[in-house]
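J.: Okay, here's what each chain looks like letter by letter:
Protein chains: 2
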Amino acid sequence: AASPVVDEAEAVEFLELFHAENPEAGPAAPRIRWVRAEIGFTGTYQHTSAELAFGARVAWRNSARCIGRLYWRSMRVRDLRAVREPAAVAAECAEHLRIAFNGGKVRPLITVFAPDAPGRPGPRIWNEQLIRYAGHRQADGSVLGDPRYAGFTEAVGRLGWRRPERPSAFDALPLVVSSDGETHLSTLPEDAVVEVPLVHPELEWFAELGLRWHAVPAISNMRLSIGGVSYPAAPFNGWYMGTEIGARNLTDPDRYDLLPEVGRRLGLDTGREQTLWKDRALVEINRAVLHSFAAAGVTISDHHTESARFLKHLEKEERAGRVCPADWSWIVPPMSGGLTPVFHRYYDTPHLRPEFVADEDATR
Amino acid sequence: AASPVVDEAEAVEFLELFHAENPEAGPAAPRIRWVRAEIGFTGTYQHTSAELAFGARVAWRNSARCIGRLYWRSMRVRDLRAVREPAAVAAECAEHLRIAFNGGKVRPLITVFAPDAPGRPGPRIWNEQLIRYAGHRQADGSVLGDPRYAGFTEAVGRLGWRRPERPSAFDALPLVVSSDGETHLSTLPEDAVVEVPLVHPELEWFAELGLRWHAVPAISNMRLSIGGVSYPAAPFNGWYMGTEIGARNLTDPDRYDLLPEVGRRLGLDTGREQTLWKDRALVEINRAVLHSFAAAGVTISDHHTESARFLKHLEKEERAGRVCPADWSWIVPPMSGGLTPVFHRYYDTPHLRPEFVADEDATR
Ligand code: HEM
Ligand code: HEM
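Quick mapping for you: the protein sequence lines, in order, are chains W and B. Here the first sequence stands for residues 20 to 383, numbered as in this note's numbering. Here the second sequence stands for residues 20 to 383, numbered as in this note's numbering.
By construction, these hints were calculated from the structure, which means they are not laboratory data. Watch out, some of these pointers could steer you wrong.
Intra- or inter-copy, both count: the list cannot distinguish identical chains.
Pairs of lysine to any residue, SDA-like flavour, derived with a Cα cap of 25 Å [stated by the list, open to error]: (1) LYS335 to THR61; (2) LYS331 to ALA110; (3) LYS335 to HIS323; (4) LYS331 to SER348; (5) LYS335 to PRO272; (6) LYS331 to THR294; (7) LYS331 to VAL342; (8) LYS124 to ALA39; (9) LYS124 to ARG291.
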């Protein structure tokens, strides 16, 4: 990835936004003059800490696919722009997870590592999320664990990762960080990976399935783009909405694909679609997820609550005189869509900056 | 609604499509010459029966919001272009319902009444569907029946409709047809309105709710537009997908809003969203719908089955060298979206003709 000179127009647009929304920072003009000169000399510029924090929060506010944006102002921002060495990046990612977990009261957090600069790209984290589970391909072609990461698991194997002696369905993958031509592999320390064992509020047998999930969802492969400056390593997290685990990760046919087993254990007639056995099993899995997190004292929210919050967010944004971009097909939850108020309306979809960018073609 | 002269380019585009997909009809050129002349003399032109049937079927094929398009070729087309008098239109709408119901083996059908012509608009049906239930506004402001049609119910009251002596939650609305300046109100004959009482495969008390729904969903307020000619009255029907009844009509808060009652009857903790009581009640209502229709011998399909059929349709269309327009937010069912294969992809959205047009701004 080449790191071109910063686009001056993008820088100016951002600085004007920053000063407009932060009147206490004074007028924009002097700062813009300074940044123009800095770009002229160095090809890029340094954000102030306040600009960086604002830029990161607004990038969240502008994430059209995110239903969780009501609390965008309160996200904590760790300014680690001085950190770029792969092992240090990895260690700070572990620290990110500890701070974000916060004893169970999960808090939105972003850690921003060194930016791209002309001729010197910043560090890069190759994992999609800081915590994801390995997919161990078995001799018979099946996958133990998360099939989505079977390819990534093979790749880290080639880089030297040794899978656990007794591989399980929930082995956290190592972090892969590269920077300045060096690629570093590191196992996450145990205390950084808090997990919740999944039990059901009524169905005793559910615990026997041996399911678990990690507490903190932290996306680590999206580039944070602020005012023309790119931060390729800027992992961020919120708390989980239950359906992400219960209606996608555990149930998608190309993920843990648990519906057939849960349907059988529930004693449902899984031979005919019209019994809606899948829909019933889905509800029970999602009840288990929400119940287990709550019982373990780990923040999680259900899709009804997050939908209501999101409508509140839209209202607040409107009152602030802003348009809020939203992508219907991502905002509407993957289960009981029609039951959530976010289903029954359309949204604006302008593309706004600052933003998080998926450099690979994003697919659901 | 003024009825302007037919757009020649649209006519030609359609005739070329017709002849391209129906080689047995011979070359397009002579027909196009004829139609150009006809438009020149009369401002419009008459479709042949074959053109009309093809145009109606392709309008269905082009309906980006419809998941049920696999069987587009087999829709029956009733050519009633000679019918325009309001009472006759209403009588033929009743006949449409009988033919479509077909003893329970519901078949896709469209009845095409007289088109718009310059200076003489065709007849118009004011009902959204041929069968919909009245919403009787009560003294206390609440609505008995379907709140969506409370306004329409008041309007037909002003036109002279007398609601049943003992109004119920499921009183079929009268048809309102206007043509040549005359508006006609007519009650649907009983034998045209077949209904299914809703029972649950296991929960005895479900029958006590006294719910029912009509067998045939026939949209009657969309204009059929073929090759520049508009047919304002062209009611069409397929069979129901269960979620239309169970996850929208019976459950939307501004429709029958049944979740709270069903949740209570199920003994669920309806005070806290995270118990997913809404999701559980939703599944049971939808099971009841599918079970009741099947038990009554009336065609219905579940969202899993229709999703699979739709993917088959996409494949067939692709093999035929056509793009298939599809609107994600309408195609993905309102419950268990993520469980259906239609969720996990994007679609093309070109606007194609012939088409069904909602002249009012369509909102979900
Ligand atoms: C506070 C709690 C949060 C909740 C409940 C939440 C919820 C969600 C959900 C349900 C999705 C869709 C995920 C999917 O379908 O794969 C999503 C996507 C997204 N969220 Fe949030 N989120 C939260 C915090 C955050 C934060 C702190 C950020 C960034 C600072 C963020 C940025 C995004 C982005 C960029 C996406 C799109 C990801 C992609 O394209 O794959 N969210 N969020
Ligand atoms: C054969 C069985 C059929 C099934 C299962 C089916 C299913 C559906 C469903 C589930 C919707 C969405 C409804 C909503 O969310 O409000 C829909 C919409 C639609 N369907 Fe079908 N359909 C069928 C037949 C037909 C036929 C025969 C036609 C026309 C000839 C048709 C044209 C349409 C149109 C135009 C819409 C959009 C309606 C609007 O904009 O409100 N469908 N269909």
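J.: Hint by hint, where does the structure go against what was stated? Just the numbers, ascending.
T.: 1, 2 and 8
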